[in-house]
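Student: Sequence:
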Amino acid sequence: ARLGVRDALLCVPTADQQPYALARWRPELPAAAAIATCVLPEEPGEAELQQAAAAARALPAEAAIVLDFVGHGASVTRRMRELAPGRVVVDVGGEALAAVEGLLAGELRACS
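My numbering runs 44 ahead of the 1-based position in the sequence shown.
Since the hints were made in silico from the structure, they are not lab data. None of the hints are false.
So the derived label-pair ranges between C-beta atoms look like this:
| # | residue 1 | residue 2 | range |
| --- | --- | --- | --- |
| 1 | 80 | 48 | 16 to 26 Å |
| 2 | 89 | 155 | 35 to 45 Å |
| 3 | 154 | 75 | 40 to 50 Å |
| 4 | 48 | 115 | 17 to 27 Å |
| 5 | 154 | 94 | 38 to 48 Å |
| 6 | 132 | 91 | 21 to 31 Å |
| 7 | 154 | 58 | 32 to 42 Å |
| 8 | 119 | 58 | 17 to 27 Å |
| 9 | 78 | 155 | 45 to 55 Å |
| 10 | 106 | 85 | 23 to 33 Å |
| 11 | 68 | 106 | 12 to 22 Å |
Don't be surprised by glycine CBs; every beta carbon is placed ideally from N, CA and C.
Could you put together the complete structure from these sequences and hints?
Tutor: In structure tokens:
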């Protein structure tokens with residue numbers, strides 16, 4: 045596993061995004077990886093978070109939970125970590141967005 049993730053639950057904001065998430069992540073995971081998707085809206089309620097955690101429990105114990113979208117608050121990542129103790133929760137969208145914002149802020153400071 046190139047990223048250290050062997051199995052994964054990919055959380056996406058709409059059902060339409062599921063095939064795209066699978067296409068993005070399949071090459072990053074081992075051929076025999078257990079991989080599943082679930083819909084987790086940008087502003088999920090507790091029931092939706094519980095459903096995602098239950099979907100993760102259906103996968104091998106080492107499966108990561110990947111929040112593969114931008115637009116959710118840090119509270120979503122924090123709550124998923126609480127609901128799935130011992131599992132890695134990867135916040136792709138939030139972390140990537142923060143990195144881009146930091147890079148752009150640095151570029152703006154350098155230009156001024």
